[in-house]
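Asker: Required output: the full structure, derived from the provided sequences and hints.
Position 214 of the sequence shown, counted from 1, bears residue number 214 in full-length UniProt numbering, the numbering being contiguous throughout.
Derived from the structure by calculation, the hints contain no laboratory data. As the structure is a prediction and not an experimental result, all values here were calculated from the model. Check the hints yourself; a few may be wrong.
[Said to hold, decoys possible] Result set (DSS-like, lysine-lysine): computed pairs, CA atoms no more than 27 Å apart in a straight line:
no., residue 1, residue 2
1, K273, K296
2, K46, K141
3, K129, K208
4, K260, K358
5, K105, K260
6, K129, K68
7, K273, K205
8, K224, K296
[Unchecked claim] Using C-beta positions, here's what the derived DEER-type ranges look like:
no., residue 1, residue 2, range
9, E179, G335, 16 to 24 Å
10, E183, P81, 24 to 32 Å
11, E352, I262, 17 to 25 Å
12, R144, R333, 14 to 22 Å
13, V51, G229, 36 to 44 Å
14, V51, I262, 45 to 53 Å
15, K135, G335, 29 to 37 Å
16, E253, N213, 38 to 46 Å
Ideal placement from N, C-alpha and C gives every residue a C-beta, glycine not left out.
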Amino acid sequence: MDGLTGRLMKNYERDERGMHAGFFRQSVAFHIQNDYIDKCQPIDIKGEYVVEGQRNTDSALIYDAKDKKTGERFCFKVLKPLDGVRNTKRKKDQGDNEDEKERLKCLIRGLDANRMHAPGVVLGISCLKEHIEGKSFFCEKFYRELKLEDVKRELREVLAYGKQYALVMRYLADECRLEVLLESGSLDSQTAMNMLAQQVADKHKLLKEAPLNKRDEFIFLSKKLRDNGDLLNKIDCIRVKDESIKNVIRKLEICLKAKKEIFKERRDNKCIKRCHGDLKPGNLWLSPALPLQSAKLLALDCIDFNRPDFYYIDTLCDVAMLAITLEHSFTLRLGKEKARGLVEVFLDDYLEYMEEEKEKVLFLLDYYMAEKAIVCAYTSYNDGQTFYVVEQYLELASMHAERLTEYLPVFAQIR
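Answerer: Shown next, in the form of structure tokens:
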């Protein structure tokens with residue numbers, strides 16, 4: 001066996017004994033859940049629910065709730081009020097009614113996308129009778145499918161009776177979330193990186209191409225860079241004031257301008273797809289059944305608000321989010337050298353599975369990883385993470401931006 005398959009089997013044989021203990025508990029916990037997911041039987045979830053836990057994301061509140069009668073658990077994703085970032089058409093004087101309308105539209109638009117990234121997990125949309133911030137609520141209606149033309153009808157119920165809508169998902173054990181597995185050290189191996197690379201590549205191969213348009217990639221990415229610069233300015237910590245951090249955006253701007261034909265070529269080669277858009281460990285669940293090669297990756301909470309520029313992106317941009325968050329997690333626990341080694345295994349194998357030419361796309365990966373590191377620094381800061389966590393993302397942004405200097409001689413003047 002040569003190449004990726006041979007290396008995968010060799011790594012698995014070497015890592016199996018060490019990995020077994022770390023994965024065994026989660027394998028048992030997830031075994032029944034896997035059977036449940038794969039059946040995808042017709043289901044009616046109407047009834048009263050008790051809220052047992054919740055998770056706060058950038059765009060939504062996700063509630064873990066148990067059916068009072070059957071004891072069955074589900075997750076309900078309720079979108080937060082849309083701000084000017086997640087709804088570019090929002091007007092300053094827009095009222096709550098219009099916001100409710102847009103949030104319901106987002107859930108409907110995102111239904112197919114979420115199902116694609118987490119088959120068998122995303123069930124449909126429910127109408128909740130009581131305000132979900134309480135300890136219980138009543139699921140009055142459940143729709144496997146809901147169309148945009150239904151919004152006007154449904155909105156009458158929301159406005160008249162104070163109801164709200166939620167995306168309904170099957171319950172997944174928290175210990176199987178990639179973020180938790182990373183923190184426990186269960187993924188600190190080449191075998192785990194091989195498996196993740198293949199799973200992400202398999203998902204990317206199935207993505208729908210972006211609709212044909214005349215989007216100018218240079219203008220589009222330039223605007224994103226300006227937005228990222230604004231995010232940097234909102235982070236109040238000493239590290240942001242360093243010249244190396246200030247130069248990150250400038251370096252990315254120079255690279256974008258000098259290599260804009262590469263970005264255009266990616267668009268022309270149909271590499272812009274309907275991606276997940278937020279592919280990070282907090283949104284990923286792993287079925288850790290041994291052997292690792294048969295593990296199943298589920299991606300939840302994909303971008304579903306009305307910002308196509310956030311999800312019609314290059315697949316390299318999508319995988320860059322996971323790569324930078326993996327590098328950040330490994331760096332905090334294992335140090336820079338080991339972290340970089342594991343991430344290189346992940347990216348090398350991903351590129352091989354996707355049949356990408358490594359030498360042609362390394363520049364793009366460093367560009368997108370620097371960009372995503374800035375976004376993660378801001379979201380970590382906004383979520384109240386420690387300055388150390390934020391600064392590590394800024395450090396990674398600076399490092400990947402610096403690596404871009406290897407591609408262009410023009411950088412000699414600003415080093």
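Asker: Against this structure, judge whether each hint is valid.
Answerer: Here's how the hints hold up against the structure:
| no. | hint | verdict |
| --- | --- | --- |
| 1 | K273 <-> K296 | holds, 22 Å |
| 2 | K46 <-> K141 | holds, 6 Å |
| 3 | K129 <-> K208 | violated, 35 Å |
| 4 | K260 <-> K358 | holds, 18 Å |
| 5 | K105 <-> K260 | violated, 34 Å |
| 6 | K129 <-> K68 | holds, 15 Å |
| 7 | K273 <-> K205 | holds, 10 Å |
| 8 | K224 <-> K296 | violated, 33 Å |
| 9 | E179 <-> G335: 16 to 24 Å | holds, 20 Å |
| 10 | E183 <-> P81: 24 to 32 Å | holds, 31 Å |
| 11 | E352 <-> I262: 17 to 25 Å | holds, 20 Å |
| 12 | R144 <-> R333: 14 to 22 Å | violated, 42 Å |
| 13 | V51 <-> G229: 36 to 44 Å | holds, 39 Å |
| 14 | V51 <-> I262: 45 to 53 Å | holds, 48 Å |
| 15 | K135 <-> G335: 29 to 37 Å | violated, 44 Å |
| 16 | E253 <-> N213: 38 to 46 Å | violated, 24 Å |
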